[in-house]
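Chains as they are written, first to last, in the numbering used here: chain A, 1 to 147; chain B, 1 to 278; chain C, 1 to 101.
By construction, these hints were calculated from the structure, which means they are not laboratory data.
Check before you lean on any hint, since a few could be wrong.
A few chain B residues facing chain C, derived, Cβ under 7 Å [as the list claims (entries may be wrong)]:
| hint | residue |
| --- | --- |
| 1 | Glu68 |
| 2 | Phe69 |
| 3 | Leu74 |
| 4 | Gly186 |
Keep in mind the model is a prediction, meaning the values are calculated, not measured.
All C-beta atoms in this analysis are idealised placements derived from N, C-alpha and C, irrespective of residue type, glycine included.
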Amino acid sequence: MNRRSILKAAGAMAIALITLPRMAFAAYAEKAFKNKEVDSSLNELFGSNATTPSDEVKLKAPDIAENGAVVPVEVSTSLNADSIAIMIKENPNPLAIVADIPPGTEGKLKTRVRMGKTTLVTAVVNSGGKLYTASKEVKVTIGGCGG
Amino acid sequence: MKQFLRSAIAGVLGLSISLVAVGGPEDDRLAFKKYYENKFPDTPTEDFANGVYSILPAAREQWEAIEEFPPYELAVEEGETLYNSKFANGKSLVDCFGPEGAVRSEYPFWDKDRGLVITMERAVNECRKANGEKPYGWKKGKITAVTAYMSFNSRGQEVKVEVPSDDPRALAAYEDGKEHFYTKRGQLNFACADCHMLTAGALYRADTSSPAFGHATSWPVFRSKWQSMGTLHRRFAGCHKNIRANPYKAQGTEYSNLEYFVTYMSNGLEFNGPAARK
Amino acid sequence: MSSIRIKAKERKGVVDVKTLMKHKMETGLRKGKDGKKIPEHWIQEVSAESGGKVVFVAALNTSISKDPYLSFKFVGKKGDPIKISWKDSKGATDSAETIVK
Numbered sequence: 001m002n003r004r005s006i007l008k009a010a011g012a013m014a015i016a017l018i019t020l021p022r023m024a025f026a027a028y029a030e031k032a033f034k035n036k037e038v039d040s041s042l043n044e045l046f047g048s049n050a051t052t053p054s055d056e057v058k059l060k061a062p063d064i065a066e067n068g069a070v071v072p073v074e075v076s077t078s079l080n081a082d083s084i085a086i087m088i089k090e091n092p093n094p095l096a097i098v099a100d101i102p103p104g105t106e107g108k109l110k111t112r113v114r115m116g117k118t119t120l121v122t123a124v125v126n127s128g129g130k131l132y133t134a135s136k137e138v139k140v141t142i143g144g145c146g147g
Numbered sequence: 001m002k003q004f005l006r007s008a009i010a011g012v013l014g015l016s017i018s019l020v021a022v023g024g025p026e027d028d029r030l031a032f033k034k035y036y037e038n039k040f041p042d043t044p045t046e047d048f049a050n051g052v053y054s055i056l057p058a059a060r061e062q063w064e065a066i067e068e069f070p071p072y073e074l075a076v077e078e079g080e081t082l083y084n085s086k087f088a089n090g091k092s093l094v095d096c097f098g099p100e101g102a103v104r105s106e107y108p109f110w111d112k113d114r115g116l117v118i119t120m121e122r123a124v125n126e127c128r129k130a131n132g133e134k135p136y137g138w139k140k141g142k143i144t145a146v147t148a149y150m151s152f153n154s155r156g157q158e159v160k161v162e163v164p165s166d167d168p169r170a171l172a173a174y175e176d177g178k179e180h181f182y183t184k185r186g187q188l189n190f191a192c193a194d195c196h197m198l199t200a201g202a203l204y205r206a207d208t209s210s211p212a213f214g215h216a217t218s219w220p221v222f223r224s225k226w227q228s229m230g231t232l233h234r235r236f237a238g239c240h241k242n243i244r245a246n247p248y249k250a251q252g253t254e255y256s257n258l259e260y261f262v263t264y265m266s267n268g269l270e271f272n273g274p275a276a277r278k
Numbered sequence: 001m002s003s004i005r006i007k008a009k010e011r012k013g014v015v016d017v018k019t020l021m022k023h024k025m026e027t028g029l030r031k032g033k034d035g036k037k038i039p040e041h042w043i044q045e046v047s048a049e050s051g052g053k054v055v056f057v058a059a060l061n062t063s064i065s066k067d068p069y070l071s072f073k074f075v076g077k078k079g080d081p082i083k084i085s086w087k088d089s090k091g092a093t094d095s096a097e098t099i100v101k
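Construct all of the structure, not just a fragment, from the sequences and the given hints.
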């Protein structure tokens with residue numbers, strides 16, 4: 001775990017976090033999770049919201065979600081990732097998940113997310129203190145015939 | 001009614017009336033299968049068992065992502081525990097269906113003694129009742145966990161429903177199911193055949209209707225919409241409600257006969273349940 | 001029985017981990033049959049360890065689907081142990097272990 005990145009974002013809470021091995025990560029992300037905007041979530045999480053779109057961040061998500069409750073999302077990157085986050089712009093709280101990538105672990109994450117409506121999904125990779133992104137609009141529809 | 005039915009089927013299949021099968025279930029099945037193979041020439045025949053994912057690549061990708069670790073696996077595990085749990089009398093479902101319950105391809109079948117179609121769900125509950133246990137509900141919950149386990153162990157078995165020729169009531173049940181499939185109903189006045197045969201693959205608002213060929217192979221199903229497992233009869237009822245028709249009772253004659261017909265139409269495909277669907 | 005299912009397979013020195021955890025992941029936005037909001041209750045943190053080392057840790061929000069699914073890869077080999085644990089918003093915890101195949 002990159003202690004430096006936690007220290008930067010958590011500021012005064014730093015000492016407390018280091019001594020709490022369990023739930024340290026969740027506690028650190030807690031405020032960011034409650035945020036209602038992408039930029040302020042990023043600020044809360046990484047101490048910055050300056051992002052650069054990058055070809056080296058790959059986001060795989062459907063064009064049209066079969067069901068907004070279970071949308072498979074995959075993020076992968078060839079960059080040296082310290083952490084990976086997934087943002088869902090128009091969800092009540094855009095930050096869906098943030099994963100810490102220790103040395104020896106690939107910059108790759110798959111999960112299934114809930115989306116309230118059609119919106120931009122963004123993969124954010126924190127590499128050496130810089131934020132790189134890839135985004136895609138995912139459409140969410142109400143089925144029509146039992147869907 | 002027979003004449004009306006023939007012309008309805010002829011209309012759907014785009015054939016002239018004289019060509020519509022008078023030969024019986026096997027002729028029906030071959031015509032049915034051929035219809036879908038012609039309509040979706042890029043789909044390998046065995047793939048129709050995967051429902052709408054056999055004809056919609058974009059949806060298929062999402063389904064494959066879900067299949068990496070499908071939600072029905074939790075049901076299969078629960079089912080294994082239930083399947084092996086002892087009844088109060090010391091027996092269990094093992095005594096009725098064998099050590100792994102790999103009996104999917106034995107259902108549905110025509111019971112000559114009792115004069116009705118027996119589905120796997122019915123067989124499970126009758127086993128429970130015969131051993132002094134309360135039957136499970138028909139549409140969701142424990143019945144789906146047990147049948148998920150049994151279906152999982154039966155994967156790859158061939159669908160081979162029989163309509164015995166020595167009992168005219170069996171053919172009557174098959175014909176009843178067939179008539180159900182082709183009859184318009186509900187406020188929207190749709191027959192199963194309208195969406196799942198004539199316009200299979202078409203968009204209904206944001207849903208693509210799946211081909212009926214292959215419909216019965218993958219039950220029970222975890223539907224994202226339900227966020228739970230459900231039986232085929234649960235889905236039949238849901239479909240009826242979608243077209244604003246009153247649903248029939250699960251495991252009643254109507255749905256059992258419909259299951260009999262629909263499963264017969266998938267003879268030759270492989271059972272691939274339980275499955276994840278939208 | 002644990003709520004956590006793990007599939008861990010090694011290929012060419014990289015272990016591919018797939019995990020499915022049974023959990024309602026209540027968002028706090030859903031209404032029950034009585035019309036009242038069902039309180040939020042979700043897995044907040046998932047961590048994975050192998051050979052005493054943390055190989056993955058994630059903080060989850062309520063927008064992760066019911067029965068959370070996570071997949072990640074790390075350098076490892078067949079026979080390595082892998083342990084996955086979670087803690088939820090009510091303070092409950094669970095964990096499961098398996099061996100990489």
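Comparing the hints with the structure gives:
Against a cut-off of 7 Å between C-beta atoms, the interface hint on B/Glu68 holds, since the closest Cβ of chain C lies about 6 Å away. Checking B/Phe69 against chain C by beta carbon gives a least distance of about 5 Å; that is within 7 Å, so the hint holds. Against a cut-off of 7 Å between C-beta atoms, the interface hint on B/Leu74 holds, since the closest Cβ of chain C lies about 6 Å away. Among the interface hints, the one on B/Gly186 is violated; its C-beta lies about 27 Å from the nearest C-beta in chain C, farther than the 7 Å criterion.
Violated hints amount to a single one, hint 4; each of the other numbered hints is respected by the structure.
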